[in-house]
Amino acid sequence: MTALRDATPALRTPDPKPVKKSRFRRDRSLLLMVIPAVLLLIVFNYVPMFGTATAFQRYSIYAGFWHSPWSGLETFRQLFSDPYFWSALGNTLELSLIQLIFYFPIPIALALLLHSIMSTKVRTIVQSVVYLPHFFSWVLAVTIFQQMLGGAGALNQFLRQHDLGTFDVMTNPDTFALLVTSQVIWKEAGWGIIVFLAALAAIDTQLYEAAAADGAGRWRRLWHITLPGIRGVIVLMLVLRLGNVLTVGFEQMLIQRGAVGRDAAEVLDTYAYYYGVVNANFSLGAAASLFKGVLSLLFLLAANKIAHLLGEDGLYRR
Amino acid sequence: MTVVTPLADPNRRASNRPNWEEPPTAAGQTGKGIVLFLVVAVVAIPLWMVLLTSVSTQSAVNRAGGMVLVPDGVTFEAYRQIFTNQLVMHSLVVSLGITIVGTLVSMVVTILCAYGLSRHGSFAHRPILLLLVATMFFSGGIIPTFLVVSALGGYDSYWSMILPTAVSVFNILVVRAFFSNTAQDLIDAAAIDGAGEWRTLWSVVLPTSRAVTAVVALFYAVGYWNTFFNALLFLPDNQKWPLQMVIYTYTLQGNAMPGTGQNTTGQYFGTQEITPLAIQMAVVTLTLIPILLVYPFVQRHFTKGVLLGAIKG
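Line by line, the protein sequences give chains A and B. Just remember that this note's numbering sits 327 ahead of the position in the first sequence, which is counted from 1. Just remember that this note's numbering sits 25 ahead of the position in the second sequence, which is counted from 1.
Just so you know, these hints were derived from the structure itself, not from any lab. Where hints are given, some of them may not hold.
[What the hints assert, rightly or not] Anything over 10 Å on all C-beta distances counts as not near chain A; from chain B, calculated:
#  : residue
1  : G90
2  : T100
3  : F108
4  : L156
5  : L177
6  : E222
7  : W223
8  : Q264
9  : Q269
10 : L277
11 : P283
[Stated by the list, open to error] Per the computed footprint, the stretches of chain B lying under chain A, defined by three or more beta-carbons under 8 Å from a beta-carbon of chain A, are:
#  : segment
12 : 64 to 71
13 : 91 to 98
14 : 110 to 122
15 : 230 to 239
Glycine is no exception: its CB is placed at the ideal position from the N, C-alpha and C atoms.
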C-alpha cells in the first residue's frame with residue numbers, strides 16, 4: 328500500500344521533503360484533528376501510566392500523589408510476601424494456559440469447517456448466530472450461564488426432574504477453570520473465526536485447483552495449502568494471546584469471584600482491584616498492576632521474537 | 026478465472042462448488058451438518074429460553090421448574106412490571122444516554138484522528154501514531170486510572186462512563202486503514218477544487234467509508250451499552266446505575282429489586298401471576314434487544330472492517 332502511494336504523484340506534495348515549517352503549515356488542519364484523541368489518551372492513558380509511580384509510595388488518599396511519602400520497593404516486598412498474590416498469579420497462569428489449549432484451536436477449526444461449506448446461505452446464518460454473543464456484556468453472558476447451568480438453572484431442573492441429583496457448576500471452585508473456559512468459548516469463539524475466515528478467503532483458489540489436478544485429495548490440500556496459507560494469522564493470534572497471558576477476562580472473574588470464592592477466582596486484575604480500590608491500599612494495587620504490565624510487555628516481545636525466528640511477521644514486519 | 030460456472034454443466038446441481046473439487050461424501054456432509062447445528066443450538070437455545078421465560082406465566086415457570094424451553098403460557102406481565110419500575114426505567118435511560126452520547130463523542134474523536142493520521146508523509150504522523158499504539162501494549166492499570174479519574178471529579182459523575190474509554194486505538198487504526206485506501210485521486214481532485222481537509226473528510230472520505238464507520242460505531246455503542254466495571258467503580262448510587270449494574274445486582278446476585286414486590290430472600294409474595302425469574306429475564310431481554318436490533322444492519326460489514334484492522338495488526 329505504501330509503495331503504491333509513493334508511486335502515485337501526489338499533487339499535494341510536489342516536493343517529497345518540503346521544509347519542516349512549511350509541512351507543519353500545510354498539515355496543520357490534520358494535526359488539529361488529531362488533538363482530541365491525543366488529549367484523551369494523554370489524560371486517561373499516559374497520566375495513569377506515570378501514576379503507577381504510586382507503587383513506589385505509601386499512597387494516602389488524603390495526601391494525594393504529590394504529598395504521599397516515597398517508600399522505595401517496600402510495596403513490592405509486601406506484594407511478594409503476600410500468599411494471595413502468588414495464588415492470584417498462579418490462577419491467572421493456570422486459566423490462561425487452559426484457555427490457550429482448549430479455546431485457541433476452536434475458532435480455527437470452526438473457520439475451516441465454515442470455509443468448507445459451499446452454501447452461502449448456511450454460512451451466513453451460522454456466522455450471524457455465532458458472532459452474536461461477542462456483543463453481550465460479561466454480566467449478561469454469566470447471567471445466561473447461571474440460568475442454564477446454575478443451581479436453579481435449566482440443567483439442574485432437568486436433573487432434578489429425572490432424579491439424577493444436582494450439580495451446581497457456577498459455585499464449584501474445582502470446576503471453575505472449565506466453567507470459565509467454556510464461557511470464553513461460548514462468548515468469543517464465534518467472533519474469533521472472523522479473522523481466520525478472512526485469511527482463508529485470501530488464499531488463491533488456483534492453488535487448490537492446481538493441487539486437485541495433481542491428484543491431491545481433500546486432506547492433503549488442507550495440509551499443504553490451507554494451513555500454510557493461514558499460518559501467518561495463526562502465529563499472529565498466538566503472539567497476541569501470549570502477550571495477554573496475564574489477562575484473563577477481568578469482568579468475567581470479578582462478577583463470579585463472590586460465587587466461587589477468591590481461592591479459585593482471584594486473578595491479578597481482581598487482586599489489584601480488591602486490594603487497591605475495595606481495601607483502599609492503592610499502592611499495593613498499583614504495584615500488582617505494574618508487575619502485570621511489565622511482565623505482559625516482556626511476554627509479548629518474547630512471543631514476537633519467537634514468531635520472527637520462525638520466519639513469520641508476528642506483530643510487525645521486520 | 027478459468028473456473029467454469031457450475032451451471033454450465035447440466036449434470037450437476039447448482040452449487041458454489043468449483044468443479045475441480047470432489048463431490049462431498051454423505052458422511053462428511055452429515056457430520057458437518059451436525060456440528061454446525063450443535064454450534065448454532067448452543068448459542069441460540071439459551072437466548073430462546075431467556076426470551077421465552079420473560080413472557081411466561083407463573084404456572085408455566087412452575088411447571089418447567091424454572092427456565093422455560095417450550096411455550097406454555099404467555100403473558101407480558103413481566104414487561105408491564107419493569108416498564109413501571111422506576112429503577113429499571115431510569116437505568117434504561119442512563120444506558121441509552123451513555124450509549125448515544127458516548128458513541129457520538131467516540132466517533133467524532135476517532136474519525137478526526139484517523140483522518141488526521143491517514144495521509145502518507147504528513148507532518149509528525151509517525152511519532153503520533155507511535156504514541157497511540159504504545160497505549161495498546163502498556164497501560165497504567167486500574168488503580169492509577171481510578172485515581173486520575175477521581176482526581177478530575179469523575180466519581181459519582183456520568184462523564185466517567187464515557188471519557189476514559191472514549192478512544193479505542195484499535196478502532197482508530199481500523200478507520201485509518203480504511204481512509205488510507207480511499208482513492209488518492211479523489212482526495213487530490215477535491216484539493217484542486219479548493220476543498221480544505223475538513224471539507225475533504227466530510228464530503229469525499231466519509232461518504233465512501235460507510236461500511237467501516239458503521240462497524241466501528243457498533244463496536245463503540247456496544248462497549249458503552251455494556252458499561253459495567255466503570256459504573257461499579259465510579260457510580261455508588263443505584264439511582265445513577267446503567268442497566269448492566271441493575272442486572273448484576275438484582276439478577277446475578279439475586280438481591281431483591283425495589284418495587285417488584287419481592288422480599289429480601291427473593292421470594293415473591295402477594296397474588297401475582299408472574300415470577301421474579303420472569304422479571305429478571307425481562308430485564309435481560311431488555312438489554313439484549315438494542316443489540317439484536319442494530320446487529321443485522323451492521324453484521325454484513327464485519328469482515329471488511331475487522332479484516333483491515335487485522336491486517337494492520
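Quick rundown of the hints versus the structure:
1. For G90/B, the shortest C-beta to C-beta distance to chain A comes to about 4 Å, within the 10 Å cut-off, and the non-interface label is violated.
2. Distance check on T100/B: its Cβ is at least 19 Å (rounded) from any Cβ of chain A, clearing the 10 Å threshold; non-interface status holds.
3. No Cβ of chain A approaches the Cβ of F108/B within 10 Å, the least distance being about 20 Å, so the stated non-interface status holds.
4. Here L156/B does not stay apart from chain A, with its beta-carbon only about 7 Å from theirs, under the 10 Å limit.
5. Look at L177/B: its CB is around 8 Å from the nearest CB on chain A, not clear of 10 Å, so calling it non-interface is violated.
6. Interface exclusion of E222/B from chain A breaks down, the closest Cβ pair being 4 Å apart, not more than 10 Å.
7. The Cβ of W223/B sits about 6 Å from the closest Cβ of chain A, inside the 10 Å cut-off, so the non-interface label is violated.
8. Distance check on Q264/B: its Cβ is at least 19 Å (rounded) from any Cβ of chain A, clearing the 10 Å threshold; non-interface status holds.
9. With a least beta-carbon separation of about 5 Å from chain A, Q269/B fails to lie farther than 10 Å from that chain, contradicting its non-interface assignment.
10. For L277/B, the non-interface assignment is contradicted: its Cβ lies about 5 Å from the closest Cβ of chain A, within the 10 Å cut-off.
11. Once the 10 Å rule is applied to beta carbons, P283/B is consistent with being away from chain A; the minimum gap is 19 Å.
12. A count of 6 residues in the segment 64 to 71 of chain B with a Cβ less than 8 Å from any Cβ of chain A is obtained; the coverage claim is therefore met, three being the minimum.
13. Here the segment 91 to 98 of chain B counts 3 residues with a CB under 8 Å from a CB of chain A, which clears the bar of 3, and the coverage holds.
14. Remark: the segment 110 to 122 of chain B is not confirmed as covered by chain A, as 0 of its residues place a Cβ nearer than 8 Å to a Cβ of that chain, below the required three.
15. With a threshold of 8 Å between beta carbons, the proposed coverage of the segment 230 to 239 of chain B by chain A is violated, since 0 of its residues qualify and at least three are required.
Comparing the model with each numbered hint stated earlier shows that hints 1, 4, 5, 6, 7, 9, 10, 14 and 15 do not hold.
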